[in-house]
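> In the order they appear, the protein sequences are chains X and H. Okay, so the first sequence: first residue is 15 according to this note's numbering, each after it adds one. Okay, so the second sequence: first residue is 3 according to this note's numbering, each after it adds one.
Because the hints were derived from the structure by calculation, they are not lab data. Keep in mind that the hints are not guaranteed to be accurate.
Straight-line alpha carbon distances no greater than 25 Å define the calculated DSS-like cross-link-like pairs of lysine-lysine that follow [what the hints assert, rightly or not]:
| # | chain 1 | residue 1 | chain 2 | residue 2 |
| --- | --- | --- | --- | --- |
| 1 | H | Lys316 | X | Lys171 |
| 2 | X | Lys385 | H | Lys316 |
| 3 | H | Lys144 | H | Lys134 |
Sample of chain H residues at the chain X side, in silico, Cβ under 10 Å [as the list claims (entries may be wrong)]:
| # | residue |
| --- | --- |
| 4 | Asn77 |
| 5 | Leu302 |
| 6 | Leu311 |
Label-pair ranges, simulated between beta-carbon atoms [claimed, not checked]:
| # | chain 1 | residue 1 | chain 2 | residue 2 | range |
| --- | --- | --- | --- | --- | --- |
| 7 | X | Pro351 | H | Gly314 | 32 to 40 Å |
| 8 | H | Val315 | X | Trp489 | 13 to 21 Å |
| 9 | X | Ser375 | H | Asn261 | 49 to 57 Å |
Glycine included, each C-beta is placed from N, C-alpha and C at the ideal position.
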Amino acid sequence: MPVATNRQPENVSVPTPSPSTKRPPRPKRKGKNFAQTHSKPLPLETHPLPAFHPSNPISLLRLAYTYLSHLLLAPSSHPIRPYSGYFSTETRSVHVTDPEHARALWEMGFFGKGTLSRSEPSWVERERARLMKDRGGGRKAAEDATKVRREERRMFKLERARVEAERIGRQRLVEEGKLDANDVLDDDEKDSSIEAAETVIEPTQSDALATDHRSPNEALNGIFVDEKTIVNDRTLDESLLQNHDSRTQLLEPKTDATPNTATETAPPSQDDTDLCIQDQEHLQLTLEEAFFLSYGLGVLNIYPSSPPETYFPWSIPEPYTNIELFEFFSQYSHFPPSPTPAVDPDDPFLLNYVAYHHFRSLGWVVRPGVKFGIDYLLYNRGPVFSHAEFAVLILPAYTERYWNTPGGRSRRRVWEQKDWWWLHCVNRVQSQVKKTLVVCYVDVPSPFDVDFDEPFDVGSILRRYKVREFVVRRWLANRMRD
Amino acid sequence: MSLKFDLDLPRWTTPAAMESPRDLGFDLQPDLPVPISQVGGRYLLFDIKIATYLRREHRICGTQTGTLPLAPSQNLFLGVPIEIMPEEAQLLVEKGVGFIFDEARAHDEAMLQSSDKARRADYLASIHKQSKQVEQVRIEEKEQSRKRALRKRAAKLSAAGTSTPSRQDKPVADLLDFDDDGAPSTVVPTESSSTLDETASLQSESTTKGRVSNPTSSNYHVTPATSQSLLPPSPPQTPKSVIRDVPASYPMYKHLHENGFFMTPGLRFGCQYTVYPGDPLRFHSHFLAVGVEWDEPIELMDVVGGGRLGTGVKKGFLLGGASPAGDVRTFSIEWAAM
Chain X
15 MPVATNRQPE
25 NVSVPTPSPS
35 TKRPPRPKRK
45 GKNFAQTHSK
55 PLPLETHPLP
65 AFHPSNPISL
75 LRLAYTYLSH
85 LLLAPSSHPI
95 RPYSGYFSTE
105 TRSVHVTDPE
115 HARALWEMGF
125 FGKGTLSRSE
135 PSWVERERAR
145 LMKDRGGGRK
155 AAEDATKVRR
165 EERRMFKLER
175 ARVEAERIGR
185 QRLVEEGKLD
195 ANDVLDDDEK
205 DSSIEAAETV
215 IEPTQSDALA
225 TDHRSPNEAL
235 NGIFVDEKTI
245 VNDRTLDESL
255 LQNHDSRTQL
265 LEPKTDATPN
275 TATETAPPSQ
285 DDTDLCIQDQ
295 EHLQLTLEEA
305 FFLSYGLGVL
315 NIYPSSPPET
325 YFPWSIPEPY
335 TNIELFEFFS
345 QYSHFPPSPT
355 PAVDPDDPFL
365 LNYVAYHHFR
375 SLGWVVRPGV
385 KFGIDYLLYN
395 RGPVFSHAEF
405 AVLILPAYTE
415 RYWNTPGGRS
425 RRRVWEQKDW
435 WWLHCVNRVQ
445 SQVKKTLVVC
455 YVDVPSPFDV
465 DFDEPFDVGS
475 ILRRYKVREF
485 VVRRWLANRM
495 RD
Chain H
3 MSLKFDLDLP
13 RWTTPAAMES
23 PRDLGFDLQP
33 DLPVPISQVG
43 GRYLLFDIKI
53 ATYLRREHRI
63 CGTQTGTLPL
73 APSQNLFLGV
83 PIEIMPEEAQ
93 LLVEKGVGFI
103 FDEARAHDEA
113 MLQSSDKARR
123 ADYLASIHKQ
133 SKQVEQVRIE
143 EKEQSRKRAL
153 RKRAAKLSAA
163 GTSTPSRQDK
173 PVADLLDFDD
183 DGAPSTVVPT
193 ESSSTLDETA
203 SLQSESTTKG
213 RVSNPTSSNY
223 HVTPATSQSL
233 LPPSPPQTPK
243 SVIRDVPASY
253 PMYKHLHENG
263 FFMTPGLRFG
273 CQYTVYPGDP
283 LRFHSHFLAV
293 GVEWDEPIEL
303 MDVVGGGRLG
313 TGVKKGFLLG
323 GASPAGDVRT
333 FSIEWAAM
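Here chain H stands alone, though its shape is the one from the complex (with noise of 0.2 Å):
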């Protein structure tokens, strides 16, 4: 049974979508830019296949922040938002990869303040169809089992040899209804003899009129995870400067990441930014890094520190600077004799 959904709305609600892997967007090419939400000063990414797309394409690991809905009472798995550090959205931006978008603003103007009365409806009769979408998955599920449990019984009353005929009646429909649910369970079983052999196709109207009895009247809301859909078609151009917070140590982390690394925050070891030569799920970080300008007068006592620090993690702290000229110089300090 193929789904079809339209490409903005959330797939993972339903467990059909888990069933071949271009659903979870492994060789997704979104759109460029892809929109990254600013929410509070930081950046994060809301849809899992675009952080994906940006770790495997653009090497932006980011960090996980979300908890997850499966196992919510603990912090040593996280999920959704991934926030990148803001020198990664201005790479981002400066490559014409993403641009950025104010999360609560945009819902404002999407909105309360929108007059544009046409947008706001497609957008409620979208996350409206996205309900009915995620309730049809469900009386799909819901039908299959009653089959299934039905040709059990069948089975077993021949085998025991009685010729009771099985019947489909609503006595069975009731035991297998499980749901809380009033009108959608009992308008099943009338349907059910036309719709058992038949593979339900969501996109034919022809089912789902028989069924829609009331528009309001559908028992699963969806909220969507990403604000994608109340962007306005055309995102605006985002001017490189919009990002305030980016540390002086940026160009030192542009040259390192066009030559190849991922880089994650620091704060663990002590440095800026810990380098890997490839994705941190596969290597160990090389270096530790540290920014610094070309002209500030670095403390002694920060370089030993610092390479004490490498050494015993079997690390190399990095200092690395743009001159005035703009090309960037790096110098690794390591503990000669330990």
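Isolated chain X, as found in the complex (with noise of 0.2 Å):
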């Protein structure tokens, strides 16, 4: 009778895996999940109605109660409290210090920047892994590893110039007669061998340098540590291990964000509840996302830096209003700050925040892009997955008649044209970073005939500005042949 086996037939040959020629377990990824941690593009709720399959009968039992459900209650798709921020105008940015809603808003869009960081607000978890370098295993964020490939960098260059010197030295000798000309050849040989490989520099022990000279026993910026966190005694093989270990973990540096650097969530361990870092930094927001945040979702309040001097200790700080940021952003986008409230169609404020809202309603992730001397970098998914894609700048397009006329061609804030030879410069540093230069006009309406001092539709007045794009790239006839 027939059994039911898993043996093979005799004809056929299949290596079974017997222990010694296992593979050994792939080594687990310790990484972020970053398609998990950024699965929300935007700080906002979604509620979508559940599929309908045609075969299964209860799933339209489903839908229809959802969108009963839906009709009769609907679910918000705002947080319940919204986050908060205050408005800074010596920095002309809104401050987010509620490191919930700073995490929140980086998680959710990708908005601010961290004050003291690169982008996304790491200042604890690098001041902790500092502080436990010596433990083994600490997380890496971003900065270490500009900081590694920067050090590499100098070490290189060091070595490179004092190659170069000893080549003119020998070349001199040579000139001089001094020398046989057969020998410098082999030198130099040996020197763009040396250049070529561009890996010689061993930076672990100039971190360990470093970090030998850095006494964990300083208070920086106010911080809280324990005492028997603080190692004295540690030996050099130690510090090279665990630098070679970070340095495995770190993949290939790029220019401005490292989206695959692994930055660890280490295992909760013992150490962690003896360190107590009070976090000194902020998010920091510009103004244009503020106000997308503000106006354009409806998840931000911002309040004023400074209590209004009719502020009783009872009573709760009121946010400003929409008309009131626009208002007072507008002002602030130039330095010194305009006197008056008014608002000019050709303010730098309301020029990029056009082109931030038309981008971001598009599903761009934009981001600030002084980095690369451009207004803002469009991102596909956010800096964690991939580099930008595009470098936006913004230049104002006086196409409506007004402007053209002699009291118009007055008012207007930019008046001078740019240089053709700044194009190409502005053109050569985006290729230089593999990304595409965009040029975005916005076309700026005649002035306003709204009276500032009544209430307002701000969306009135957005609604008459229109963004052009152009993707420029530089061709040269005898070179690109396909």
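These two chains come separately, so use the hints to put the complex back together.
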């Protein structure tokens, strides 16, 4: 009788895994799951209707139930308590000091920048890692990768300069006739091979030396550290091992973000409970980001940094209204801030905000691009996933007839033409970092006939703007034939 | 065989001119001020010897804009005319090294409007003489090749043992006559016996007189490559303000030039000038220079972008301008941690 077995037929030989040939299990990736952390593109909650499967009649019931409940009691897409931030006039930005709000704003949409970090607010983790470096297995943030890379590059440059100086010295001797030319050739070949390798430098030693000099006892910005966390005796071998481990975890560092850097969530150890680090950094939002969150999405309340004079100790501070924000931000986009709340149509804040709102509503993640000398960087999903594809440059376009009248021409804020070589400069910088330059023209409407002392509709003002984008690429006929 | 030409006539139309480097003008010290042509708002140098002199002595490099006749269908290698920037032209005029003349107007004045008939006749005669000289050289060349062929043939015949006399006659001349010229080639054999062993000096009229049967029948028409012969002998004084399109970065340009730098247009790098410590053929540039006015507000984005650009190509981004007092200050910017 037939027996259901897994026996293989005899004529086919299949290698069965024996214990000796078993592949070692792949090490588990300790990195953060970015897709999970950044699953929401904006700080809003969506409640889609459940899927309807024709083969399953219960799904219809479920769909109907959900639809009716949405009709009767629509679930809110906004958080229960909106996030809060303070408008700082000195820095002309909005500060979010609550760590949970800062984390939420960063994770859902990549808004803002940590004041003491490169982009993501990671100061606490870096401090903890710095203090726990001797314990091994510290978490690595993007800033540490940058530090390692910069150190490597510095050592490489020193090495290259030394080799170059030697080569010049040899050449000089040859010219003076003191050295044989054949010896020089061999030495030159050796030098060029050294340069080509580019990885001769050992940064581990310099890292160890640097941390040796730093005394763990110094109170950095009021950080509270317990005595038992300080380790005084540490061997050089151990530190080298730690640094080697850290380097193998880091992949090739890139220009603006290190998307694959493993920002580890180390398992909470006993040492964590000993360390009590007070977070010294806050999240800083640009004016456009803050206005988008407040007006465009409605999830952020912005409070004045200093309480108003009519502030009674028992009254709750009021957040600014959108109209007030509109006026303040337009005022503070100039330096020094313009004295009147009247808003000019070509204020820098308005032009930047129109472009920001335009690209955000198309689904791009928009981040400031000062690093590359342009206004905005457009990411597909976020800086942790990929590099920015586009670099946006915002230029006002005075296309309405008013701006060509003598009165209009004198009221223009931007009246000088940009130079031809300036465009080449910007384009060349973007080509160096493999981004596409997008010149974004914002059509400026004629001045608003709105009384700024009375409430007005911000949307009606914004609706009058138009945005046009042009991709600029340099093309050479005799070099680009494909 | 040495050929003597007038100074302003192009020598490089004849292959014999490549004999000695002196003919290429490496050590030329021309009479100052040298002419700089202005054609269509651009400042061009048509004489390669003058361009070489300016590059060597005055650190004015310029860019080649003309097609090479030997390699016409490409634009990697270009030749005369050399275009110089308005700043460079202004600098040369200020130093008294050069003077600007409008090409079209100079031609008009010299040829059409000039009432000085003697000058016109002189000019046309010099062009004609040039053509004749080219023709002479060509004839000499043919003579030389004919002589060589005859010698070879005589050697072959004597080696073969036959004693047939070498016939210097028309069939040989016709065989060697590759040109389509009618009259000159038939003239050659009659004179060949007398000129075979002589070095033909073209200044001696005796050889030329016999050949030139018809002054206008020369088949070589030489177009002069420069307009120097059209200009009046004493050049007019160019006022300093004739160059209209000098940019505002001129004080910085002059300051850097006086400090011994070579400068070329920097559009490729996204700046106004690329600053070299020596000849561009020997060094890479050290700075990418942008001129700004003293009170001009500079966008921070431009500074960041320029610094990033410079550091990316291992050069310094240089901003410079003239203070109201007159002295020029320059600042260079580098990305600190890249």
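> For the pair supplied as a hint, X:Lys385 and H:Lys316, is the alpha-carbon distance within the 25 Å limit?
Holds, at roughly 18 Å.
> Does the Cβ-Cβ separation between X:Ser375 and H:Asn261 fall within 49 to 57 Å?
The hint (49 to 57 Å, Cβ to Cβ) holds, given that X:Ser375 and H:Asn261 are roughly 54 Å apart.
> Checking one constraint from the list: CA of H:Lys316 to CA of X:Lys171, max 25 Å. Satisfied?
Status holds; Cα separation ~12 Å.
> May I ask you to test the interface hint for H:Leu311 with respect to chain X, counting a Cβ-Cβ separation under 10 Å as satisfied?
Given a least distance of 5 Å, the restraint on H:Leu311 holds.
> Answer holds if the nearest beta-carbon of chain X is closer than 10 Å to that of H:Asn77; otherwise answer violated.
Holds: closest Cβ of chain X sits about 6 Å from H:Asn77, inside 10 Å.
> Are X:Pro351 and H:Gly314 spaced within 32 to 40 Å by their CB atoms?
holds (35 Å)
> Could you tell me whether the CB distance from H:Val315 to X:Trp489 stays inside 13 to 21 Å?
holds (20 Å)
> Is H:Lys144 within 25 Å of H:Lys134, Cα to Cα?
This hinted pair holds, its Cα atoms lying about 15 Å apart.
> Hint H:Leu302 vs chain X: min CB-CB distance below 10 Å?
holds (8 Å)
Checked against the numbered hints above, the structure breaks none of them.
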